[in-house]
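> First to last, the sequence lines map onto chains A and B. Residues in the first sequence are numbered consecutively from 912, following our numbering. Residues in the second sequence are numbered consecutively from 10, following our numbering.
If you are wondering where the hints come from, they were derived from the structure by calculation, not from laboratory data. Keep in mind that the hints are not guaranteed to be accurate.
To be verified - List time: in silico DSSO-like cross-link candidates among lysine-lysine, alpha-carbon distance up to 27 Å:
no., chain 1, residue 1, chain 2, residue 2
1, B, 23, A, 1003
2, A, 1005, B, 66
3, B, 66, B, 20
4, A, 1003, B, 20
5, A, 1003, B, 112
6, A, 967, B, 66
7, A, 978, A, 967
8, A, 953, B, 66
9, A, 1005, B, 20
10, A, 1003, A, 913
11, A, 913, B, 23
12, B, 20, A, 978
13, B, 112, A, 953
14, B, 66, B, 80
15, B, 20, A, 913
16, B, 66, A, 1010
17, A, 978, A, 913
18, A, 913, A, 1005
19, B, 80, A, 913
20, B, 23, A, 1010
21, A, 1010, A, 967
22, A, 953, A, 978
23, A, 913, A, 953
24, A, 953, A, 1010
25, A, 967, A, 913
26, A, 978, B, 23
27, B, 80, B, 20
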Amino acid sequence: QKEVEQNSGPLSVPEGAIASLNCTYSDRGSQSFFWYRQYSGKSPELIMSIYSNGDKEDGRFTAQLNKASQYVSLLIRDSQPSDSATYLCAVKGKQGAQKLVFGQGTRLTINP
Amino acid sequence: DTGVSQNPRHKITKRGQNVTFRCDPISEHNRLYWYRQTLGQGPEFLTYFQNEAQLEKSRLLSDRFSAERPKGSFSTLEIQRTEQGDSAMYLCASSSDRLSNEKLFFGSGTQLSVL
Chain A
912 QKEVEQNSGP LSVPEGAIAS LNCTYSDRGS QSFFWYRQYS GKSPELIMSI YSNGDKEDGR
972 FTAQLNKASQ YVSLLIRDSQ PSDSATYLCA VKGKQGAQKL VFGQGTRLTI NP
Chain B
10 DTGVSQNPRH KITKRGQNVT FRCDPISEHN RLYWYRQTLG QGPEFLTYFQ NEAQLEKSRL
70 LSDRFSAERP KGSFSTLEIQ RTEQGDSAMY LCASSSDRLS NEKLFFGSGT QLSVL
């Protein structure tokens, strides 16, 4: 079982709709959860971090965490063509650990 | 803030040769990470430094790989006796324990091709 799993997609969403990206992780002791966006040919950049169960909103982005189900998701509202990228879920383990484990990424395409 | 700098951007080498990459982190960042990424995959953790100390190293990393961070500033990643399977993008990232969101800042990477 991979430490962090994502559906690799591609996920295709019409412009203006909600894009939903999902991620599961295997280490129940994980403490910190992140979503990175990676445009083609570029490096990853952080868009959201979440540490507690529930929802965290930042503009058009909402991260959701359910530690009991070991599940993290990212919702993108009012999707724009500029949101087309690969979205990487990343998980950090027990408190004090610095190793950040990435999933394989979900390729998202927003269709105008 | 000039960002994380990696050199070279591209490296082509023959199988069996040694290669060395350099990473210059953001100046005030005390944490430095090396990752490897292949097409269609997420970044794979290689190693982590806090200041000059190498605190974590992937068990997947063979002994052909070595990394250093002398004086806690720039870092080098060396691959000895390269193999075709080493072809990948090598990403360096830095962070600071003073950042509340634990954000990693990535460099542009070094693309290694082993022929």
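> Look at each hint and say if it fits the structure.
Now the hints, each set against the structure:
{"no.": "1", "hint": "B:23 to A:1003", "verdict": "violated, 36 Å"}
{"no.": "2", "hint": "A:1005 to B:66", "verdict": "holds, 16 Å"}
{"no.": "3", "hint": "B:66 to B:20", "verdict": "holds, 23 Å"}
{"no.": "4", "hint": "A:1003 to B:20", "verdict": "violated, 31 Å"}
{"no.": "5", "hint": "A:1003 to B:112", "verdict": "holds, 12 Å"}
{"no.": "6", "hint": "A:967 to B:66", "verdict": "violated, 32 Å"}
{"no.": "7", "hint": "A:978 to A:967", "verdict": "holds, 14 Å"}
{"no.": "8", "hint": "A:953 to B:66", "verdict": "holds, 25 Å"}
{"no.": "9", "hint": "A:1005 to B:20", "verdict": "violated, 36 Å"}
{"no.": "10", "hint": "A:1003 to A:913", "verdict": "holds, 14 Å"}
{"no.": "11", "hint": "A:913 to B:23", "verdict": "violated, 32 Å"}
{"no.": "12", "hint": "B:20 to A:978", "verdict": "violated, 42 Å"}
{"no.": "13", "hint": "B:112 to A:953", "verdict": "holds, 17 Å"}
{"no.": "14", "hint": "B:66 to B:80", "verdict": "holds, 19 Å"}
{"no.": "15", "hint": "B:20 to A:913", "verdict": "violated, 30 Å"}
{"no.": "16", "hint": "B:66 to A:1010", "verdict": "holds, 9 Å"}
{"no.": "17", "hint": "A:978 to A:913", "verdict": "holds, 17 Å"}
{"no.": "18", "hint": "A:913 to A:1005", "verdict": "holds, 17 Å"}
{"no.": "19", "hint": "B:80 to A:913", "verdict": "violated, 35 Å"}
{"no.": "20", "hint": "B:23 to A:1010", "verdict": "violated, 31 Å"}
{"no.": "21", "hint": "A:1010 to A:967", "verdict": "holds, 23 Å"}
{"no.": "22", "hint": "A:953 to A:978", "verdict": "violated, 31 Å"}
{"no.": "23", "hint": "A:913 to A:953", "verdict": "holds, 25 Å"}
{"no.": "24", "hint": "A:953 to A:1010", "verdict": "holds, 22 Å"}
{"no.": "25", "hint": "A:967 to A:913", "verdict": "holds, 26 Å"}
{"no.": "26", "hint": "A:978 to B:23", "verdict": "violated, 46 Å"}
{"no.": "27", "hint": "B:80 to B:20", "verdict": "holds, 26 Å"}
In terms of the numbered hints stated before, the structure departs from hints 1, 4, 6, 9, 11, 12, 15, 19, 20, 22, 26, listed from lowest to highest.
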